[in-house]
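Colleague: Chains as they are written, first to last, in the numbering used here: chain A, 2 to 125; chain B, 26 to 218.
These aren't lab readings, by the way, just hints derived from the structure by calculation.
Treat each hint with caution, since some may be false.
Sample of chain B residues lacking proximity to chain A, with all beta carbon distances greater than 12 angstroms (derived) [as the list claims (entries may be wrong)]:
hint : residue
1    : 49
2    : 54
3    : 72
4    : 131
5    : 133
6    : 148
7    : 180
8    : 192
9    : 201
10   : 204
11   : 208
Listed next, the stretches of chain B that the computed footprint assigns to chain A, with coverage defined by at least 3 CB atoms under 8 angstroms from CB atoms of chain A [stated by the list, open to error]:
hint : region
12   : 58 to 70
13   : 81 to 94
14   : 155 to 165
With a Cα cut of at most 25 angstroms, we get these calculated DSS-like pairs of lysine-lysine [said to hold, decoys possible]:
hint : chain 1 : residue 1 : chain 2 : residue 2
15   : B       : 101       : A       : 86
16   : A       : 63        : A       : 48
17   : A       : 88        : B       : 168
18   : B       : 101       : B       : 47
19   : A       : 122       : B       : 168
Think of the CB as a built atom: it goes at the ideal place given N, C-alpha and C, for glycine as much as any other residue.
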Amino acid sequence: METIKIQGTEDTPRIILDAENDILEISGRSLPEDVAAFYEPVLNWLKDYGENPKDKTIFNFKLTYFNTASSKLLLDILMILEELKEKGNDILIRWHYPEEDEDMEEAGDEYADIVDVPFEKVSY
Amino acid sequence: MDKKPDVKGFLEFVYEFYKTMKAHEITLVYEGEITHQITKAFTSLTESNMSKDDEPNSVQRRVFHVMVECLQNISKHADDFTSHDYLFSGRGIFLVSKGENEYSVTTGNAVENDKIGYLTDLLESINTMGKEELKELYKKQMKEGRLSEKGGAGLGFIDIKRKTNRELEYHFLPITNDTSFFLLTSTISRSDI
Numbered sequence: 002m003e004t005i006k007i008q009g010t011e012d013t014p015r016i017i018l019d020a021e022n023d024i025l026e027i028s029g030r031s032l033p034e035d036v037a038a039f040y041e042p043v044l045n046w047l048k049d050y051g052e053n054p055k056d057k058t059i060f061n062f063k064l065t066y067f068n069t070a071s072s073k074l075l076l077d078i079l080m081i082l083e084e085l086k087e088k089g090n091d092i093l094i095r096w097h098y099p100e101e102d103e104d105m106e107e108a109g110d111e112y113a114d115i116v117d118v119p120f121e122k123v124s125y
Numbered sequence: 026m027d028k029k030p031d032v033k034g035f036l037e038f039v040y041e042f043y044k045t046m047k048a049h050e051i052t053l054v055y056e057g058e059i060t061h062q063i064t065k066a067f068t069s070l071t072e073s074n075m076s077k078d079d080e081p082n083s084v085q086r087r088v089f090h091v092m093v094e095c096l097q098n099i100s101k102h103a104d105d106f107t108s109h110d111y112l113f114s115g116r117g118i119f120l121v122s123k124g125e126n127e128y129s130v131t132t133g134n135a136v137e138n139d140k141i142g143y144l145t146d147l148l149e150s151i152n153t154m155g156k157e158e159l160k161e162l163y164k165k166q167m168k169e170g171r172l173s174e175k176g177g178a179g180l181g182f183i184d185i186k187r188k189t190n191r192e193l194e195y196h197f198l199p200i201t202n203d204t205s206f207f208l209l210t211s212t213i214s215r216s217d218i
């Protein structure tokens, strides 16, 4: 499977989708100008990955900021992962948040409420 | 023709304007089209100012959140009028002020009068909601809502109320028979909460 590596900028997150090395990660800031267009390749990659997933899939979110439009797209990503879990795959979400950032921690709790996927919170 | 008196009058106006800004503790004011570039520039400017002032991280994060959502409200929702230049789509006024105890982010943009009812109902219903209700509404809207053509998720006002923990203060002022100026101001406490 092709690897996706997108460098982070001041308004777009760094993204690594590397099935071979088991690195699935979104980090940094997310307020892209066109949020749907920015996340489209990520959603497509995950759908392709779902055709032939690894035995265990760990997806890391390590965002420091995301706007409300991005929050909707992050949920789309989580919903694809939820589908994979429903099909019997071993899926884990790791939600990383800065230790003192209660809002980011709470955002993780909210996603964990919405989607039925094992969620692990990691403070740093 | 001697233009000097006009120039002097203008410069005096600029000084009055400056004093008014100072009196209202306005640190940033902008009128015009709100683009993504503008959003990035203003947020990064305010961020570096707050960082210089050693604002607590939580305050910085909340001001950043509110600024982005306010700016995107205008860029994604400001009405598309063609008859008047100043009512052009995506245009508006944007102010940031910094007082002793709080930051305020204020936006103003033209809306068609037939949207006032919808906006008032939306803002009033958000204002009556407590923390838990807002959280549930946010989750529901995130799940069920769709992105608009311009990329709005219908979550901005909810997010602002949640981040500021204060009522959304707003006002409509008539421009013409069919249009009004919609003003919204959000206040973020400077104490670390």
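Colleague: Each hint: holds or not?
Modeller: Against the structure, the hints:
With a minimum CB-CB distance of about 27 angstroms to chain A, residue 49 (chain B) clears the 12 angstroms threshold, and the non-interface call stands. Every C-beta of chain A lies more than 12 angstroms from that of residue 54 (chain B), the closest at about 22 angstroms, which supports listing it as non-interface. The claim that residue 72 (chain B) lies off the interface is violated: its Cβ sits roughly 10 angstroms from the closest Cβ of chain A, which falls inside the 12 angstroms cut-off. Remark: the non-interface label on residue 131 (chain B) is consistent with the geometry, its nearest Cβ contact in chain A lying 19 angstroms away (cut-off 12 angstroms).
At roughly 21 angstroms from the closest C-beta of chain A, the C-beta of residue 133 (chain B) stays outside 12 angstroms, upholding its exclusion from the interface. Taking the minimum C-beta to C-beta distance to chain A, about 16 angstroms, the non-interface status of residue 148 (chain B) holds against the 12 angstroms cut. Taking the minimum C-beta to C-beta distance to chain A, about 4 angstroms, the non-interface status of residue 180 (chain B) is violated against the 12 angstroms cut. Here residue 192 (chain B) stays apart from chain A, with its beta-carbon at least about 19 angstroms from theirs, past the 12 angstroms limit.
No Cβ of chain A approaches the Cβ of residue 201 (chain B) within 12 angstroms, the least distance being about 31 angstroms, so the stated non-interface status holds. The beta carbon of residue 204 (chain B) is kept farther than 12 angstroms from every beta carbon of chain A, the shortest such distance being approximately 26 angstroms. Taking the minimum C-beta to C-beta distance to chain A, about 21 angstroms, the non-interface status of residue 208 (chain B) holds against the 12 angstroms cut. For the region 58 to 70 of chain B, the proposed coverage by chain A is satisfied: 4 residues have a C-beta within less than 8 angstroms of a C-beta in that chain, meeting the threshold of three.
Counting residues of the region 81 to 94 of chain B whose C-beta sits closer than 8 angstroms to any C-beta of chain A gives 8, which meets the bar of three, so the coverage hint holds. Residue count for the region 155 to 165 of chain B with a Cβ under 8 angstroms from a Cβ of chain A: 3. That meets the three needed, and the coverage hint holds. As the CA atoms of residue 101 (chain B) and residue 86 (chain A) are separated by approximately 35 angstroms, the hinted pair breaks the 25 angstroms bound. Restraint check for residue 63 (chain A) and residue 48 (chain A): the C-alpha separation of about 21 angstroms stays at or below 25 angstroms, so the hint holds.
Of the pairs offered as hints, the one joining residue 88 (chain A) and residue 168 (chain B) holds, with about 21 angstroms between alpha carbons and a cut-off of 25 angstroms not exceeded. Note on residue 101 (chain B) and residue 47 (chain B): the hinted pairing is violated, with a Cα-Cα distance of about 30 angstroms set against a maximum of 25 angstroms. For the hint pairing residue 122 (chain A) with residue 168 (chain B), the CA-to-CA distance comes to about 21 angstroms; that is within 25 angstroms, so the pair holds.
This entry does not satisfy hints 3, 7, 15, 18, going by the numbered hints stated previously.
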